[in-house]
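**Student:** What follows is the residue order along each chain.
Number of protein chains: 2
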Amino acid sequence: MNRLALTDADKNVRDWFVEEAKGLGCQVCVDEMGNIWATRPGMSTPSGLPPVMMGSHLDTQPRGGRYDGILGIMAGLEVLRSLEETGTKTWRPIGIVCWTNEEGARFPISMVSSGVWTGCVPLSTAHSLTEVFASGGPGEEKGGGRKTIRQELERIGYLGEQKCDWREMPMAAHFELHIEQGPILESSGKKKVGVVVESQAYKWFTVEVEGREAHTGTTPYNQRADALMAAAEIIRHARALGEKDGRGILVSVEVFQVYPGSVNTIPGRVGFSFDVRSASTEALSSFVSTLRPELEKVAANAQHNSLPCKITRWEETTDSPAQLFHAKCIAAVTQSALSVLAEEVGGDTKRAKELVQENMTSGAGHDSVYTAKRCPTSMIFVPSKGGISHHPEEFTSEEDCVRGARVLLEGVVRFDRDVCWPEDGGRAREEC
Amino acid sequence: MNRLALTDADKNVRDWFVEEAKGLGCQVCVDEMGNIWATRPGMSTPSGLPPVMMGSHLDTQPRGGRYDGILGIMAGLEVLRSLEETGTKTWRPIGIVCWTNEEGARFPISMVSSGVWTGCVPLSTAHSLTEVFASGGPGEEKGGGRKTIRQELERIGYLGEQKCDWREMPMAAHFELHIEQGPILESSGKKKVGVVVESQAYKWFTVEVEGREAHTGTTPYNQRADALMAAAEIIRHARALGEKDGRGILVSVEVFQVYPGSVNTIPGRVGFSFDVRSASTEALSSFVSTLRPELEKVAANAQHNSLPCKITRWEETTDSPAQLFHAKCIAAVTQSALSVLAEEVGGDTKRAKELVQENMTSGAGHDSVYTAKRCPTSMIFVPSKGGISHHPEEFTSEEDCVRGARVLLEGVVRFDRDVCWPEDGGRAREEC
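Just so you know, the protein sequences line up as chains A and B, in that order.
Going by the UniProt record's numbering, the first sequence opens with residue 1, and the numbers climb by one from there.
Going by the UniProt record's numbering, the second sequence opens with residue 1, and the numbers climb by one from there.
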C-alpha cells in the first residue's frame, strides 16, 4: 500500500470518504490543514455541543500496510452506518476526523495536523513543510521541485477555510481504533482487544562519532581510529544498557550513515539516530542523562581501535513526554470491550476479561497523543499479526477488525450516554 | 587538491607536462587511454629497444593530497632534467608514463589504464566507463548526463591513436616513486626510504544481512530481528578474527548502508563491504574461506536479537592476488637507496642500512601492480606524515621528496647500466 499524504491517491480516497459520509447524512467540513470533519447531527443540535469524534488517518508509509490508520476511518464509517441503520439517536453529534499526514512519511513531521489543532505545531510551520523526496504520487509531474503541504492541499482541492484549532473546532472526545503495530496482544495469551491508557515517552538523538579516515590497505590495526568500529561498539553498548536498566527502556538505532563510504577508506565519521523510549518520562530522562558519558568512554576506548574516536555531536531532536489518556474515555472503552467479548463467549464475563488487555501503553505516536492534550481521549488496539506494521505484510483478521469496530461503536455511544447525556464534560481538558 | 581524471584541471596539468617533457628533449606520444608517454632517447636509438619508464599518475581523489601520484611524475621530470643537465647518456630510452584515472575516483575502476596496457581490462570496458557523479570539473557544463572516459578523452584532446597494449608499447622496466600512504616508515624507527618488493593480496566482498523491520516503539526486545545490531556484531567479530589470525590479515568495513533508514523503524536490512588483505594470497584465501560460516553463526545468534537474522548476500566483487616485483628492479632500488643514504650520512653504510626499509609490501594498489605482470617493476616509498593519504593533510617533506627522486634517478640509471648495457632483459616478463 502506497498512499502518501496529499498525492492523487490520497485525493481519491478523500473524495470517496466525503461521498460516503454525506451518504450517511453527515455534515462535512475541511479545515486549513485538510483535515476532514464529518459529523452526524445529535439530538442536542442546534445547541452547538462539541461532537464525539472517531479519528485516524488515511495516509500510509511508502511501503505500508492496509490497516494502519485506515482501519480507524473505515470503522468510523461502519459505526455511523450502524447508527443510521438502527435509527440510533445520540445526544451529541458523532463524527469522524481524518487527520492529514499522520505518518510524516511524505512531509517530515508525524501527526502534524493534530499537532496544529492542539496548538503544538504552528500553522505556518505545517503549511511550509516540504516533501522529503521530489516524488509526488502517480500522475503528478516529476521534477518540478519539492512541494509544500500548502501547495499540495491547494492542488488536490483540500485547503479548507475552517481554522484548525482546538478552540474553533472543539471535540467532546476523541476515540481512535488502531492496529497495535506490535506483538503484545498476540503473544500475551491471544488477547483480542487492548485498552490503551497512555502513550510512551520518547526522545530522539542525532549522534556523530569521529575517528580518522585512512587507507584500508596501508594502515595497520595499531594505527586506526575507525569510526565504524567505534560506532558498532557504541550502539551495542547503548542497547545493553537499555536491556540492563530494568525500567522498560527501549533503545533503537535506525538511521546510520558512514563517511566517506569508499571501499578502500577506513571510515572517519559515522552519524546515526538513537530512539529511546519508556512508559515513564522520568525513567527516560534519568536513563539518557547517563547515556552520553558512558558512550564517550566507549568511543575513546573502543576494543578494535588503538587510537581514540570522539563523539562530536549529540543533539536531542525530539522530546515527547508520556501522555496519559482520559479516565472517562478509558472506562467507556473498557466496558465496551468487556461487553462485546462477553457477548461473543456466551456471557462468560470471566473469559471475556481474559481476552481484554487492559492498561496498555501505546509504543507508537498517534494523533490521539496530541488530542489528549485538549480533549478526553483514548484508543482501542486490535492485534497485528506477528506485530508487523509499516510493511506490506501488515495484517489484522476480518474478525479482529469487526470486533474493534464494535468496541468503537459501543465506546462512543457509552461516552455520549454516560458523560454527555446529561452533559458534564466534552470541553477542553482544562475545563473538564 | 581536487583533480579528478579528465577534467579541465587534468587537461591543464597534462598540457603543462607535455610542454615540460618536450622542453627536456622528449618524444611525446598519447595512447588510446590518454596515457602520456614521454621518452628521452637513449644511445641505442634508433635500435628500437623498449624504454625504462618512470610511471605514476596526475589525477587525485576528490579531496585528495598533493603527493599521491603527482610526486612520481614530478620526480620523473627532475630525473630527466638531471640527465639533461649533466649530459648523462643512457643505453635505452628513459621516460615517464602518466597513467590515466589511477584513482578510480571519477571513473570507477582503479588503475584502469595500466590494466588496459597489460590486457587485464578490455579497452571497450575502459572507454565506456561512466563517471560516478554527473560532476565534471570546474568550467564544464553540468547536467548533461554522465560522461564516459572516451567522451572525456575526446573532449580534452587526449584520445590518442597509439594502441594501449604491452606488446605495442613495451617497457624495459617500470619504476614508481610513491608516497607510502601508511605509517610504517615513520613509525618503524624513522626509516627514510622503502624498497617495495610486492603488493598485498586483497579481496572485496559485498554482504547483506537481513532481519525484520519493525516499529521501534511497539516492538519489545524479545521480538526483534534487528539487522543493524546483527551487523554491528558481525563486523566486530570479523575484525576480531582478523586480529587473532596471526597471518597479517587486515579486515576493514567501509561502505555501510542501513535500510529503511527511518527514525522509528528497526532496520530490516544492512548492506556493507568487507575489504580483506594479506601479503600472502594463500593466507587470505584460507582466512576468507572460514569467514562466512563464522559470521552466519553470529547473524543467527546475535547477542541483542531474540529472533535470528540471516546473511542473504555474500558476493566476492574483487580478487587481487599478491604481486611480486622483479628482483632486478628491487636490486637496483635497494642499491640506489643505500648509496643515496650513505652519501647523506657521510659514508656510514651501517647507518644508511638502518634508514632503508627493505622488503616492504605495498598495502595499496598502484599502476605498478599491473605493469609487474608484463615487465620488470619495482616501487620506491617515501614517508607519509602520520600515514595520512587521500586527504588534504597528506604531507611528505621536501627533503623526503628530493631523496625519493634521487633514489629514482640512481635506480633507473643502475637498471639501464647493469641490466641493459649490454642488454639482457627489458622484454615482457615472460621472456626475461
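The set of hints was computed from the structure by calculation and includes no laboratory data.
Yeah, the Cβ is synthetic: ideal placement off N, Cα and C, and Gly gets one too.
Among the clues, some could well be false.
Per label pair, the in silico range of CB-to-CB distance [unchecked claim]:
#, chain 1, residue 1, chain 2, residue 2, range
1, B, GLY23, A, THR317, 28 to 38 Å
2, B, LYS244, A, THR206, 44 to 54 Å
3, B, PRO293, A, LYS297, 53 to 63 Å
4, B, LYS244, A, PHE133, 24 to 34 Å
5, A, GLU398, B, ARG63, 38 to 48 Å
6, A, LYS163, B, PRO308, 25 to 35 Å
7, B, GLY246, A, PRO321, 36 to 46 Å
8, B, GLU315, A, THR206, 51 to 61 Å
9, B, LYS190, A, THR206, 57 to 67 Å
10, B, GLU315, A, PRO392, 43 to 53 Å
11, B, LEU307, A, LEU324, 27 to 37 Å
12, A, GLU294, B, ASN301, 24 to 34 Å
13, A, GLU294, B, ASN12, 45 to 55 Å
**Student:** Hint says 43 to 53 Å; check whether the CB-CB distance for GLU315 (chain B) and PRO392 (chain A) agrees.
**Tutor:** Violated: the Cβ-Cβ distance is about 26 Å, outside 43 to 53 Å.
**Student:** How does the Cβ-Cβ distance of LYS190 (chain B) and THR206 (chain A) compare with 57 to 67 Å: does it lie in that range?
**Tutor:** violated (43 Å)
**Student:** Given the range 44 to 54 Å, decide if the beta-carbon distance of LYS244 (chain B) to THR206 (chain A) lies inside it.
**Tutor:** violated (35 Å)
**Student:** Between GLY23 (chain B) and THR317 (chain A), does the C-beta distance stay in 28 to 38 Å?
**Tutor:** This hint is violated: roughly 60 Å between Cβ atoms.
**Student:** The hint says 53 to 63 Å between PRO293 (chain B) and LYS297 (chain A); measuring C-beta to C-beta, is that right?
**Tutor:** violated (34 Å)
**Student:** State, for the Cβ atoms of GLU294 (chain A) and ASN12 (chain B), whether the hinted interval 45 to 55 Å holds or is violated.
**Tutor:** With a Cβ separation near 52 Å, GLU294 (chain A) and ASN12 (chain B) satisfy 45 to 55 Å, so the hint holds.
**Student:** That 27 to 37 Å hint for LEU307 (chain B) and LEU324 (chain A) (C-beta), does it hold up?
**Tutor:** holds (32 Å)
**Student:** I want to verify a distance hint. Is the separation of the beta carbons of LYS163 (chain A) and PRO308 (chain B) within 25 to 35 Å?
**Tutor:** Between LYS163 (chain A) and PRO308 (chain B), where Cβ atoms are some 52 Å apart, the hint is violated.
**Student:** Do the Cβ positions of GLY246 (chain B) and PRO321 (chain A) conform to the proposed distance bound of 36 to 46 Å?
**Tutor:** Between GLY246 (chain B) and PRO321 (chain A), where Cβ atoms are some 53 Å apart, the hint is violated.
**Student:** Is 51 to 61 Å a correct range for the gap between the Cβ atoms of GLU315 (chain B) and THR206 (chain A)?
**Tutor:** Distance hint for GLU315 (chain B), THR206 (chain A) is violated at roughly 32 Å.
**Student:** Has the hinted range 24 to 34 Å been met by the Cβ atoms of GLU294 (chain A) and ASN301 (chain B)?
**Tutor:** holds (25 Å)
**Student:** Should the hint that GLU398 (chain A) and ARG63 (chain B) are 38 to 48 Å apart at their CB atoms be regarded as holding?
**Tutor:** violated (58 Å)
In terms of the numbered hints stated before, the structure departs from hints 1, 2, 3, 4, 5, 6, 7, 8, 9, 10, listed from lowest to highest.
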